[in-house]
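Visitor: Given next are the chains, with one letter for each unit.
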Amino acid sequence: MVGRDADNRILVGGAAAAFCVLIVATLVVKGSTGLQWIMSGMTVGSIYALIAMGFSVIYSSTHVINFAQGEFSMLGGVLMFSLVTRGHLPTWLGFIIAVLIVTAIGAGLERVAIRPMRNHSVISVIIVTIGLAIALRATAKWIWGTDPVRVTAFSSGTRVKILGAYLPPQSFWVFGFAAVAVVLVFLFFNRTLLGKGMRAAAMNPDAASLVGVSSSTSSLVAWTIAAALGSAAGIVIAPIILPSFSSGAMLGLKGFSAAVVGGLGSAPGAVVGGLVLGVLETITAGVLPTGYKDAIAFLLLILVLLVRPQGLLGRAEDVKV
Amino acid sequence: MNDDPVLLDIDGVTKRFGGLAALKDVSFTVSRGEIKALIGPNGAGKTTLFDVLTGILRPTTGRVALKGEIVLGLRPDQITDLGMIRTFQTIQLFEGMTVLENAMVGCHSRTSAGFVSCGFLMPWALGEEKLIRREATRTLEEVGLETRASEIGTNLPYGQQRMLELARALASQPDILLLDEPAAGLNQYETGELSGLLTRLRDKGLTILIVEHDMGLVMDISDEVVVLDYGEVIARGTPEVVQNDPRVIEAYLGIEAE
Amino acid sequence: MDRSGVKKRLLGLDREYGILLVIVAFIFTVPLWSRPIPGSVLHMDIVNIMCLAGTYACAVLGLNLLVGYAGQISLGHAAFFGIGAYTTAILCTRLTWYPTWLGVLSGMVLAGVIGWLVGVPVLRLKGHYLAMATLGLGEIAFILFTQLKWLTGGTVGVLNIPPLSVFGFAFDSDLKFYYLVWAVVALILLFSVNLIRSRVGRGLRALHSSEIAADAMGVPTAHYKIRVFVLSTVLAGLGGAFFAHFQRYINPETFILSLSILFVTMVVVGGMGDIWGGLVGVIFLAFLPPVIQALPEWIPGIPEGLTNFGNYQLILYGILLIVFMMFLPRGIAHGLERGAAFTNRRYRLLADHVKARKYE
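As given, the protein sequences belong to chains A, B and C, one line each in that order.
Using the numbering used here, count along the first sequence one by one with no gaps and you end on 1623.
Using the numbering used here, count along the second sequence one by one with no gaps and you end on 571.
Using the numbering used here, count along the third sequence one by one with no gaps and you end on 370.
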């Protein structure tokens, strides 16, 4: 066992080193264009990270893979369009209202559709989340139509130039929100009684009653957090990606890949997985025909599952090799 | 055929879980045609040893040979194929399967029809199926369950479920049978039946290694007893010798006598 | 599940073969009564829908064995379906001499080989890792179908695929294809029934019940899982190849995650691990969308706004999926069986009651 631990450390270290070499090589070969790629990659990577955290939070408390996760982001984006671009609310107010609406939807769906399934098999619950995704997407198509919507950027102004790379101001909003969200989630799971109880319950379900957090509360809180994270991600990225009813699917899949790559159930893993995925994607898009950009996430997903199924930062407990 | 009288050779098996040693340098042999009992207080490592022997756990160090062949590192099903099969402390009958079907699963290691020949009902698969049915029925007769063949296994009364587990293992025509507390939960009458059955099987040439808490049964049927305490072999010998060993009395029988 | 212990018989055959015979007889008669009647409520083309359902059934029956016995789900079976479809489509359109039946066979083999390459490493792991890996595989397959333009025709896909023909007989109409695909589905059902009742089937059922005990009884559980997975990918390849020869054109848009999800949903809604469950799920979900679409015409007095409400179908579909999982978590097939047992019991109670009155 000791040998395998060491092997694993070498593996993760090697992967980290290879990634760094790739970054440096990109910067050296492509100069400011390379920096441009990496910065854009980090922008979209931050979004993947937030969505991945949503997957992880729900997975670790219920062992369910939530196929409606991407739809939370989609809803956040299109709601922002209605509230701010069409409704002319101030950005901050629109943001808060959109997040609140999506969070309420997430919590409500948990109570209505997920909670009654508590004694059913995980596969059945996963099918229910698929049903939710289909219904949410169809509802959004009905309300907002099929065309992508253009959401006003949070702050006006032209691109910012850093060392020859140009970044839209929205990127800084993305970084800022992602950082705040990660810190908030960290504080919740490490500093509050409820969060600590949920973590303990996730590690050992039998201990759930001992720490005073019922699986019902745990599941509700997990869905609430996941919906909040997903919608916030969808809102801040909206001015960059032009959201539409169908944009949730790909965001969800990328977030899922990022979560598995980092280690499903690990919050730091989700952040690392998201950023790595985002950067690798933009570099690939720069080097290969753009059609292959989306393949990176899934190649990485399969590669990680074959080599290190618990993910880069995941614990190896429930994995038999 | 190997004529070595030693069938199962356990040599220096140690198993650590983290820092805790569940088995410490356990060595003993089981000879052909004997009933050997493995006894010891709860937590002495008996079931752990069974798990190591049958390939569920991998020992930290040590060597296990069956008929002169090293079995460590083999998968559980491969070890069963070699002729060593076990029963479980908690009954593990297959859900939704009839008594006969449970016993038929036991024939798995003696048969070979694969997905394609089974799915397309190839003649050899059908022939094998007949053979399996006959063999499974025979073992059910051996344990006295032939009249309940078409009932669902998990619906049987407890004692009969134990017997079915035994029949399922016997259906594989093993060289050595590992029994993990087969008398647990049986009433006196059923234990007597079991004792008779095991002796009969031994007389037919089957080798048995049995973990059991029922001392009456152990002393009754075993040719030799190995005593395990805190993962270590503390005594071995005929039932009489072990019964009078002061270390055994202290570690095990002594506790019972209190 | 049969818990009485008495071997049930149907039509003088063992129960499973009896059910199979009933199903075959029913399928044979469908085209006789299902001609679309213009103006009536039954104006959907049932044979055409059943043709498509038949191609799905090939994939779903295999997937059902995987979910029901190996306890694993695959979220990438659309990829294997697509591999089967593209293999035969490309071979039969590029090489005009290539026999279509050999194309179907090639599709099955390629799907199986790729399934094996993925299954061997991933199935060593516990949990839903197969689901994650196959999901990734499905997305990659879709991207390759779209991007390898020189091979797959990109987003346009492959056009003018010849109909399937065997020894000069072309299955070039819906009706001919209907009988072909459902005869094959019946064979797959027969194969599944044989398999489940055999040595291997007992091993699989043992594996499903307790992996450790199955291992100890000499069932090579790891190998069985891989074989069931490969079998399911071969059958998905078969379904996809049939699909290509039925539609006569294919493009990547078919082989997306939604199709993989549809397959899994068919298994779960029908009843996992129940051979008939897969079949029930396929037929139910194949007819659900056209029925939902036709719904406003059937129910008079539905407000105009609702009939024109563009996506109410998908919303309803999503909600129905959730409701079905909530109330029939073990599938429709199981629900039907329980319903039948219930009415049976009520009938018997009633009969006893009548008898008792008679002798009063």
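By construction, these hints were calculated from the structure, which means they are not laboratory data.
Every residue, glycine too, gets a C-beta built ideally from N, C-alpha and C.
Be a bit skeptical, because a hint or two may be false.
Just so you have them, the derived chain B footprint on chain C, three or more residues with Cβ under 8 Å [as the list claims (entries may be wrong)]:
id : region
1  : 197-207
2  : 334-342
Sample of chain B residues facing chain C (criterion: CB under 8 Å; computed from the structure) [as the list claims (entries may be wrong)]:
id : residue
3  : D394
4  : G409
5  : E441
6  : K443
7  : R481
Taking lysine to aspartate or glutamate pairs in the DMTMM-like style, the calculated list, with each CA pair at most 25 Å apart, reads [to be verified]:
id : chain 1 : residue 1 : chain 2 : residue 2
8  : B       : K380      : B       : D338
9  : A       : K1443     : C       : D24
10 : B       : K380      : B       : D394
11 : B       : K443      : C       : D24
12 : A       : K1443     : C       : E307
13 : B       : K337      : B       : D542
14 : B       : K443      : B       : E455
15 : B       : K443      : B       : E408
16 : B       : K443      : C       : E26
17 : A       : K1595     : C       : D24
18 : B       : K443      : B       : E506
19 : B       : K337      : B       : D322
20 : B       : K517      : B       : D542
21 : B       : K380      : B       : D536
Visitor: Could you work out which of the previously given hints the structure breaks and list their numbers from low to high?
Guide: 2, 6, 9, 17, 18, 20
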